[in-house]
Structures are given as structure tokens and as C-alpha cells.
Amino acid sequence: MVELSQYILEHPWVLILIALWTVPWKGYALWKSARFNQPVWFVALLLVNTLAILEILYIFVFSKKKPESGSTN
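Every position in the sequence shown, counted from 1, becomes a number in the working numbering once 37 is added.
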């Protein structure tokens, strides 16, 4: 763990790249879960940090809008 800490201290740009990768995914996933009124997903996405893996899965797999049951189309 000391080696990782030393590496990050010597290369702070790694944290910047990680933030630039995760923040947009997290923001979009949180917006989408709030829009679909899914509070459990919102809290999970807000609290769990998986380097955007959970957010990407939510956006492309779990947040698919379900067809309305009363639709006549």
C-alpha cells in the first residue's frame, strides 16, 4: 500500500484522469436514476465508487425504460 501511495504522490495526474473518467459517468447515472424515480439506485450509485463500472452498467443495462402496461401502440 505504501508503494501505491508513493506512486500517487509522484504522479498526481493519475487522480485527475480517474476523476475526469468517473465524474461524468456518475453524474449521468445519478441524473437518470433520479429521472426514473429510482431512489435505491440513486443511493447505491452515490455511495459506491467502482471507477464508473456500476454507473456504466446502470446506464446501459439496468435503466432501460420499461414499456407502459396500458400502452395501445
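It is worth saying that the hints were derived from the structure and are not from the lab. Certain hints may be false.
In silico DSS-like pairs for lysine-lysine, Cα to Cα no more than 25 Å straight-line [claimed, not checked]:
1) 102 - 63
2) 69 - 102
3) 69 - 101
All figures in this text were calculated on a predicted structure; none of them were measured in a lab.
Outcome of the hint check:
| no. | hint | verdict |
| --- | --- | --- |
| 1 | 102 - 63 | holds, 19 Å |
| 2 | 69 - 102 | holds, 10 Å |
| 3 | 69 - 101 | holds, 10 Å |
In the structure shown, no violation is registered for any of the earlier numbered hints.
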